[in-house]
Amino acid sequence: MNSPILQIDRLSISFRTEAGTVDAVKNVSLSMNQGESLAVVGESGSGKSVTALSLARLLPSPPAEFSSGRILFEENDVLKMTEKQLRAIRGAGIAYVFQEPATSLNPVFTIRSQIAEGIRLHRPEVRDVDAEVAKWLGTVGIVDPEKRMHDYPHQLSGGMQQRAMIAMALSCRPRLLVADEPTTALDVTIQAQILAELRRLRAEFGMSLILITHNFGIIRGLCDRVAVMFRGEIVETGSTESILKNPQHPYTKALIECVPRLGSKQKRLKTIEYNWETSK
18 MNSPILQIDR LSISFRTEAG TVDAVKNVSL SMNQGESLAV VGESGSGKSV TALSLARLLP
78 SPPAEFSSGR ILFEENDVLK MTEKQLRAIR GAGIAYVFQE PATSLNPVFT IRSQIAEGIR
138 LHRPEVRDVD AEVAKWLGTV GIVDPEKRMH DYPHQLSGGM QQRAMIAMAL SCRPRLLVAD
198 EPTTALDVTI QAQILAELRR LRAEFGMSLI LITHNFGIIR GLCDRVAVMF RGEIVETGST
258 ESILKNPQHP YTKALIECVP RLGSKQKRLK TIEYNWETSK
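Residues in the sequence shown are numbered from 18 upward in steps of one, following the working numbering.
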């Protein structure tokens, strides 16, 4: 059996605000093995992204506070790491692809310079950085990478910007890739291409993958297991097939029913009823 690459043990995260303390993540426990892919699914505000950012301690503190728990990456507790140790795992250990490439890429630097920065920092053994940048851009499906790497982000389409973000993440050879809503800002055709690219790259490089999403429709064929988050808690976990075919929690069932289906005679999409008064 593969050894765990990540273990989250009873993690709780809160934020200090002017209105008081907000509990964003409550007693979350998760584990994933080397080479495994995990989808973390839930609606906006359920705590998915906060949990994902905590893995490499990217949450600014304050206002974020780790109230309790542990995050073990390759058996080392991230919450006890020094800044030097964190810099070593950010990129080379855990890399991120975010949902808005236009805001994640620096508009005043070329694609080449932004990818090259990570390569120089985490892979000093690489002698020909330009060739390495072009290789990774070509790997994610960008045509004529030797030319396009000198473009600025605004010169690329949304789909190409997202591919450049994936190339930037992969160029550091991470053991764990966290894709946080990587296709939300893209049209459905480009969405399908990016997901197919992630599936291919995961198989090719054997890396572990966490996919953060609110959409059950995109996880089949890409993720081995699913964790469902609701109001900061994990309410259900299981294999992708078992969750999709036989969900146990009412919230999981409601999320699946919200997915639009081709050929459906239903005139309106189902929505999740939520009583804010009783949730307080």
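Don't read these hints as lab results, they were simulated from the structure. Note that the structure is a prediction, hence the values are computed from the model and not measured. Among the clues, some could well be false.
[Claimed, not checked] Calculated lysine to any residue pairs in the SDA-like style (CA-CA distance at most 25 Å, straight line):
| hint | residue 1 | residue 2 |
| --- | --- | --- |
| 1 | Lys152 | Tyr169 |
| 2 | Lys101 | Ala119 |
| 3 | Lys164 | Lys101 |
| 4 | Lys101 | Pro21 |
| 5 | Lys101 | Arg190 |
| 6 | Lys152 | Glu91 |
| 7 | Lys97 | Val67 |
| 8 | Lys270 | Glu250 |
| 9 | Lys97 | Gln116 |
| 10 | Lys152 | Arg216 |
| 11 | Lys164 | Arg137 |
| 12 | Lys101 | Glu91 |
| 13 | Lys101 | Ser85 |
| 14 | Lys43 | Val205 |
| 15 | Lys164 | Leu218 |
| 16 | Lys270 | Tyr169 |
| 17 | Lys101 | Thr38 |
Against the structure, the hints:
no. : hint            : result
1   : Lys152 - Tyr169 : holds (18 Å)
2   : Lys101 - Ala119 : violated (29 Å)
3   : Lys164 - Lys101 : violated (35 Å)
4   : Lys101 - Pro21  : holds (23 Å)
5   : Lys101 - Arg190 : holds (19 Å)
6   : Lys152 - Glu91  : violated (28 Å)
7   : Lys97 - Val67   : holds (18 Å)
8   : Lys270 - Glu250 : holds (16 Å)
9   : Lys97 - Gln116  : violated (28 Å)
10  : Lys152 - Arg216 : holds (18 Å)
11  : Lys164 - Arg137 : holds (20 Å)
12  : Lys101 - Glu91  : holds (17 Å)
13  : Lys101 - Ser85  : holds (23 Å)
14  : Lys43 - Val205  : violated (33 Å)
15  : Lys164 - Leu218 : holds (23 Å)
16  : Lys270 - Tyr169 : violated (43 Å)
17  : Lys101 - Thr38  : violated (30 Å)
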